[in-house]
Amino acid sequence: MHPAPSVILFTTLSGLGFGLLAFLGLGYPGVTGWVAFVFYAIAYGLAVGGLLASTFHLGRPERALKAFSQWKTSWLSREGICSVAALLVMALYATGAVFMDSHWRVLGIIGAALSLGTVFTTSMIYTQLKTIPRWNMSLTPLMFLSFSLAGGALLAGQESLAPWFLLIAGAVQLAYWVQGDKAFAASGTTMGTATGLGDRGTVRAFEPPHTGTNYLLREFVHVVGRKHAQKLRVISLTLGFVLPVLCLWLPTDSSMVKHLMAAVAVLSHLAGIAVSRWLFFAQAEHVVGLYYGKR
Amino acid sequence: MTELPTTTDRKMGLVIDLDTCVGCHACVISCKGWNTENYGAPLSDEDAYGADPSGTFLNRVHSFEVQPAATPAQPDPAAQLIHFPKSCLHCEDAPCVTVCPTGASYKRVEDGIVLVNESDCIGCGLCAWSCPYGARELDLAAGVMKKCTLCVDRIYNENLPEVDRVPSCVRTCPAGARHFGDLGDPNSEVSQLVAERGGMDLMPEMGTKPVNKYLPPRPKDQIEDQVDILAPLLAPVTEDAGGFLGWLDKALDKLPGQSSGGTA
Amino acid sequence: MTFQQPRVETSPKVSDEIRQTTCYMCACRCGINVHMKTNEDGKKEVAYIEGNRDHPVNKGVLCAKGSAGIMQVNAPSRLKAPLKRVGPRGSGEFEEISWDEALEIAAGWLEPIRKDDPSKLAFFTGRDQSQSFTSFWAQNFGTPNYAAHGGFCSVNMAAAGIYTMGGAFWEFGQPDWDYTKLFLLFGVAEDHDSNPIKMGLGKIKARGARVIGVNPIRSGYNAIADDWVGITPGTDGLFILSLVHVLMKAGKIDLDYLSRFTNAPVLVNQDPNSPDKGLFLRDDHGAPLVINRKTGKLAPFDMAGVRPDLGGSFQMGDVTHVSVFQLMAERYLKDEYAPEAVAERCGIPAKRIRAIASEIARVAFDEAFELDQEWTDFRGEKHDKMIGRPVSFHSMRGVSAHANGFQTCRALHVLQILLGTVEAPGGFRFKPPYPKPVEAHPAPHSRVTPNKPLDGPHLGFVHGPEHLALKSDGSAARIDKAFTWENPMSSHGLMHMVISNAHAGDPYKIDTLFMYMANMSWNSSMNTTGVMEMLTDKGEDGEYKIPRIIYSDAYSSEMVAYADLVLPDTTYLERHDCISMLDRPICEADGAADAIRWPVIEPDRDVRGFQTVLVQLANKMKLPGFTAEDGSAKWQDYADYIVNHERKPGIGPLAGFRGPNGDKAGRGEVNPEQLDRYIKNGGFFVEHIPTEASYFKPWNMAYQDWAVNLGLFDSPQPYLFQLYVEPMRKFQLAAEGHGERQPPDHLRDRIKDTMDPLPIWYETDQQGNEGFTVNALTQRPMAMYHSWGTQNAWLRQLHGHNPLYVPTKLMRENDLQDGDWAKVTSPHGSITVPVMEMAALNNNTVWTWNAIGKRKGTWALEENAPEATKGFLLNHLIHELLPPKGDGMRWANSDPITGQAAWFDLKVKIEKAGAPDDFNESQPVLEPIKSPVGTGPKDLKWKVGK
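Heads up: the sequence lines are chains Y, B and Z, in that order. By the count of the working numbering, the first sequence reaches residue 295 at its end, each step adding exactly one. By the count of the working numbering, the second sequence reaches residue 264 at its end, each step adding exactly one. By the count of the working numbering, the third sequence reaches residue 946 at its end, each step adding exactly one.
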C-alpha cells in the first residue's frame, strides 16, 4: 500500500492523542487547572490534528460530514462518530478538570472508553480488509490499542505503568510482524485464484493492461523501500519501545534529567511509531497487485 | 445506503470468455468513451501527452502466461497466453459497499448493479481498498470514485434501440467474448453458458460472490494426443515410387463421369 | 429494511444527432456512428463513436482504435495550416503560409517537370485509401513513379493470391466463418481485416471449432488458438509444403475439384531444349489444353463436357507434355518434404506436422457437407449440390515479409486449392470484385511523354518479360525499380526503395518527391537513420540530393520535418472519401459494397483534404484527365470528383445509387444526389450476391452474370486456378537464355532459382549474417494496428513504450531480468532497449511492438514522453540492402520476385547491457525536432454534454 503521509500522520498522532485522553479520563494523572489544560491541549492537539490530517487523504474533503451516516456497516463511519463522541465527552470532562477542579468519574470512564473505542474503530478500518492479508488479523487492533495505551501512558507520565505497556506493545509489534509476514501466503490468494487459471499451470503476469501507471498501482503497489524493511523494523522497535523504556528506567534522582528523559522517550516513541506505521502501510500487500504480478 | 440488499430481483452481470478474448482492448476504449461522456464525472486523463500519462479506466485488459506442468505425454508443454479483461464483478457480497462511510456506494435492489452516487462520495478510497479486483479507480480530476456501472445508462435507455441496450463493452467486443444478462435466472443465456463451460469466480476465497463469471480457456495444444497419426486417414495411397499415378487413375475412375472413355 | 436508493437517470439522451461515416483509424474501414452533441457554444461536437450495426464490415462492433477516434479528432498534433520550410531540412522550422501560396509553390515546382520530364516527380502515397484517384492523378501528370505502401506491407500475399487464384485474403476474400470447422492462421495477421477476423474467430469459437495458430509468437489471435505452432520464422513455406506432401501421399486431396477448376490437368511442355519448355500446350485460340478422359484426346480446358485428366500426358512429335499435377506429384512426394525432413528447420516435431495434416484431412473430407443449392459452371454443367470442405486459412503480413514470402504465400494458396476449399462452403470465399484472374488486371505501364499522361495505369501484373518496366536501354523506368529483373512481379511498387534510389540517383535523379501519409523518416523505413541522412544530404553544389520534398499529413509526424512544403490534411471525420469498387472496396463474401466518408464536422484549422488539394493542383496545371475540352476544370474538389467522374461510361468511383433516380447499382448515369443517398444509407452501399451465386464464384455462371451486370467485369471471366504459374516460367525461360528481353547475367541464377512456377521453399538470404542467430520480429498491437500515430491520448496509455520480448531460454542464457537493458545488434547496427520475458514464444525469436517509439518533438508529445525515451524502433537494425557479398552489387533486402521488403528476415544477437537503472533512454537517442504544433494540454476531461 502507498504509505500516504496523511494517513501515517493521522493514525500515529490520533492514536497517541486518544491514548492520552483515555488515561486522562481514567484519572491518570488526576490533574486539574492549568496543568490539566496543558495535558488536554496536548491530547486534543494530537487527536484532532490527526483527524484533520486524515482529511487530506480525501478526494472531496468538503463532503467529510457525510461520513457519519453509515455507522451500521462502515468502520470508517463508526470511527468518525466514535471520535467525535470521545472528543465531546472528554471536552466536558476536561472542562470539569480545568475550570471546576472536579473529576466527573463516570463521564471520564465513558470518555476513556470512547477514546479507546476510536482507536479500535480506526484499527478495524484496516483489519476488516480481506484484500490486505497483513492487516486482516486480530493482531491489528491489538497493535493499535497497545500502541495507543503505551503512548498514552508515556504522555500521561505514568512512569511505573508506561515501561510495561511499552514492553507489551513492543511484543505485540514483534508478533504482528512475525504473523504478518506469513499472512499473504496463509490467505490462500494467489495469482492462480485471482485469475482462475491456477489449475492449468504456473501463472505469470505478462503485459500489464497499460504501460503507464494508474490509481491502483499508485495506491496499492508499493515496492520501493521493502528492501529496507528489516532495517526499519529495528529502528522502529528501538525508537518506539526500547529507547523509551531505557529512558524511563534510567536510574537518576535529578528531576531535570528525569523530565529530559521523559521528553526523549516521548519523541523517540513518536518517531518509532511513525516508522512502524510507515511499515504498516508500505509492507501491506493488496491482493490486486497479483493481477499486475506485483505485491 | 451501504447495507447490502439481502437479495436482488435480478443479478445482471457479464460473462467473459477467456477462450475467445484476443486482448484487443476494444472494450477498454469503448468503455472509456461511453463513460467519459455519460454517467457522472468524465474519466479524466492526467499528463495526457506527457511523460507519465495516467487516466481513469473502468475496464482494463491484463494478460497472463500459464506454463503447464510437464507430463509424460507432454514433456515440454508450450506456455499459454491468456488475455484477461477485468472490471467490476458486481459482487453479491460487495465489500466496497459496506465499507463506504457516506452511503455513496450501493448495490441496486432491482438488478444488483453496484454504483457510486458521485455526489455523496468523499473520495476516501476505502472502497477501492476493499475490492480484491481493482475495479474502482479514484478520478484525480473529480476526486470521486469511478467504477463500472454496467452501463446502467444504456441497458434501460429508451433512447437506444432495444438491441443496443447492453453495456458498451459488450456491444463493441469484436470477438463476442463478452456476454451480458441475468445471472440470477438459471435459464438465461449467460447462465447456460456458465453452466456449459464451467464458468468460474475470481478469488472465490474472498467470499465476495462475484456476479460476473469467467469462462475458462478450453484445453490447448492437445492435437498430438487427440489425433492418431497412424490411423488410416494418412496412410499412403501407395508405397511404390511410380504407383501414385496408378492410384490416381483408379481414383479418377471412381469420380462421377470421369471413367476413361466413358460418356456423361 | 427499505433501501432508499438514489434515483439514477437510466434513459439519458444519448446524443443530439448520429452521423454515420467510415472509420479511418486503421485500414479496416468499419462503419461508425458518430454521436454529436451540442456544446455550450451551440456547435455540434463529436461526443462518442460506436460501430454501425448495419455496416457490412463490422456489423456494429468496433475496435479500440475506432472508439478512440474522438481523441484523434481533437489531437493536439493536428497540423493547422500549410507550412513552408524556413530552417534546414529535418529541423522542424517552418512558417505557416496560405493555401494560395502553398498551391502556387507546388505547381511552380511540378509544372516545369511535367513539361520537361514527368518522371522527375516521384509521387508515393502511404496509407492511401484513394489509390484509384491518386493513381489517376499521377497517370495524368505523366510520371511512371507512383505507388502506395503495399510494397513494404503485404504485396507477397496479394500478388501470390492474384497469380494463383485471382485473389488473396483481406479485401480479396475471407474464411467462410459460418461453416468452417478448422481454421489455420499463419503469421502476424492481427493487422488487416482486423474486426472481421475477430468476429469470425468469435463465431467459430462459439461453435467450438478448432483454431490452429502458426506463429513464432503466441500473442493476439494465436493466444486463443487451440493449438499453437511456434514455428521458426521464414520456414512457413517448408511447413506448408510438408503438409502438401503428407496430404498428397495419402490421397487426401480433392481430385474432382482439381480436375475441373484448376490448371492441374493442363499439359506442360517437357522438351528440355524448347523455348516453350515449361509452357502450356495451347490450342490456336490460346486456350490451355488438357487430355479429356472421356476420349483420351486433347481438348481445351473449357470445352463443354470435357473431363480433364489430372494424370494426362501427350506426346507431340518428340516432345512430351505432362499435366501440371504430374509435375506436382513428382516434386511434392519427394522425401525432402516429409515431416521428418523439415521438422528441425521448421522447429516443429514431425509428429505434430502429421497430426495437423491428419486433422486437415479429416475435417476437409470426413466432415465434408452439402448445401442443397444448384449451380451451373462455366462449361455449362449443372451441379445439383454445393460440396462444402470446412477447412479455412488466413494469413497476411507475417509470412509475406520474408524474402521467400511470395513462394510461401503461393504454397499456402496451393494447399487450399489442393483441398478443394477455395470457394467451397466452409472454406475460403472471395469478396467482389474478386475473384478476378490475373488476365483481368492491367499490366504495368511506364512510358513517359513530356506534357502527356502516362501510357496507362502504373501498377499491374506482368505476364512475362514483355511487361517489365524497362527503358529501351534496359534500365529501370521507375525510380523504385519495380517490374525489373530484380523483382519482376512487384505489383504494388517498392515505396521503401524510393528515397534510397532517389538519393543515389539510381536509376536516375528526380526533382520532386511528393508523399502522402507515409512516415518514411521513421517507422515506415528500413534503416531509419540512414533515410534521415539521405533526405538531408547535399551534393557538391550545396543543393539537397533530393531537391524538393512535398509532404501531406494530418498530423505532426516524424516525416513532416523533412518536407520543404507541408500540405496539411484533414482528420477522417472532416473529409470526403470513397472506398471504391475501382480500388479496394469494403465488400464481404455475400455482397459487393462500397462506402464514403463525409465531413461530419468542419475543420477548425486551415487544412484541406489531400485529394481535394490534388484536384486543385491538377486544375492549376490543367492536367488532361481533370480538364474538360473547353479548358475548364471538370471538378472543384474530391466530392465533386467522386460523384461526377466516370471511369467508363456509367461506371464511377461509387457503385451505389446511380442513375437519375438513384436506383441503379453498379452501372448507371451520374447521380448528383449520390453522396446524400450514401449518407442517408449510413455511409455505405451494399448489393447482395444471389444465393445460387454465393460459392464457386470463379466458375459459377450465376455469379459471373451478376458481376457483369454490376459492372465488375464487362464480360464473364471464368478461369482456372493456377497451381502452376506460367508467367513465372517465362521469366525462368528468359534467364535460361530464351527470348529477346534478357536479364543481366548476375541475376540469371537467382531468377532461375526463385521464379519456379510451382511453389518452392528456399532459405532467405542470410549472407553476411554470420554470428547473428536470433530472429527478430515486430508486430503492431491490435489497439494500434495501421493506426496513424500513437499520440492518441487514450491509446498511448495502453502502449506508451515497448519492451523487447525475449524468450525464457534467451533470458536465462544472457542473465536477463524483466526491465534490464539489452544491446541488440544486427549486421547493420545496434540498439539498446529494455527487455521483458515471454514464455509463449519461439525460443530463438525476439520481438517488439512496432511504431510505438516516437522521435522527440513529434506528435505534440512532450520530449520526455515514454514513446520518445523508452520506446524504440527495430527499424534501426534493418537495412534496405543486404550486407555486401563482395560482388560489388547492391542486393535489396527484399523478395526477389515481388520486391516486398523482407522485414522479418532480420537476424540479431543479444547481450545484456545493464540493469534497469543503468540507462535512462533506449539507444540510439536522436536529436529532438522542433514541433510545428507545440505540445498537447496537460490534463483531459473530455465531455461534450453537460
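The reader is advised that the hints may include incorrect statements.
Stated by the list, open to error - BS3-like, lysine-lysine: derived pairs with alpha carbons at most 30 Å apart:
1) Lys943/Z x Lys44/Z
2) Lys254/B x Lys182/Y
3) Lys941/Z x Lys254/B
4) Lys382/Z x Lys254/B
5) Lys870/Z x Lys946/Z
Stated by the list, open to error - Under 8 Å between C-beta atoms, here's a sample of chain B residues computed to sit facing chain Z:
6) Thr36
7) Glu37
8) Gly40
9) Ala51
10) Lys209
I should point out that these hints are in silico values taken from the structure, not numbers from a laboratory. Beta carbons: idealized from backbone N, C-alpha and C, even for Gly.
We went through each hint and held it up to the structure:
1. A hinted pair counts as satisfied when its Cα atoms are at most 30 Å apart, and Lys943/Z with Lys44/Z qualifies at roughly 13 Å.
2. Proximity of Lys254/B to Lys182/Y is assessed by CA-CA distance (about 74 Å); at most 30 Å being required, the pair is judged violated.
3. With a C-alpha separation of about 72 Å, the suggested pairing of Lys941/Z with Lys254/B is violated against the 30 Å cut-off.
4. Taken as a hint, the Lys382/Z and Lys254/B pair is honoured in the structure, with Cα atoms around 19 Å apart against an allowance of 30 Å.
5. Between Lys870/Z and Lys946/Z the alpha-carbon distance is near 38 Å, which puts this suggested pair outside the 30 Å criterion.
6. For Thr36/B, the interface hint holds, since its Cβ comes within 8 Å of a Cβ in chain Z; the closest pair sits about 6 Å apart.
7. Interface hint at Glu37/B: satisfied, since its Cβ lies 5 Å from the closest Cβ of chain Z, which is below the 8 Å cut-off.
8. The beta carbon of Gly40/B is not positioned within 8 Å of any beta carbon in chain Z (closest approach about 10 Å), and the interface hint is therefore violated.
9. Hint status for Ala51/B relative to chain Z: holds, with the closest Cβ pair at about 4 Å, below 8 Å.
10. With its C-beta approaching chain Z no nearer than about 18 Å, Lys209/B sits outside the 8 Å limit, and its interface hint is violated.
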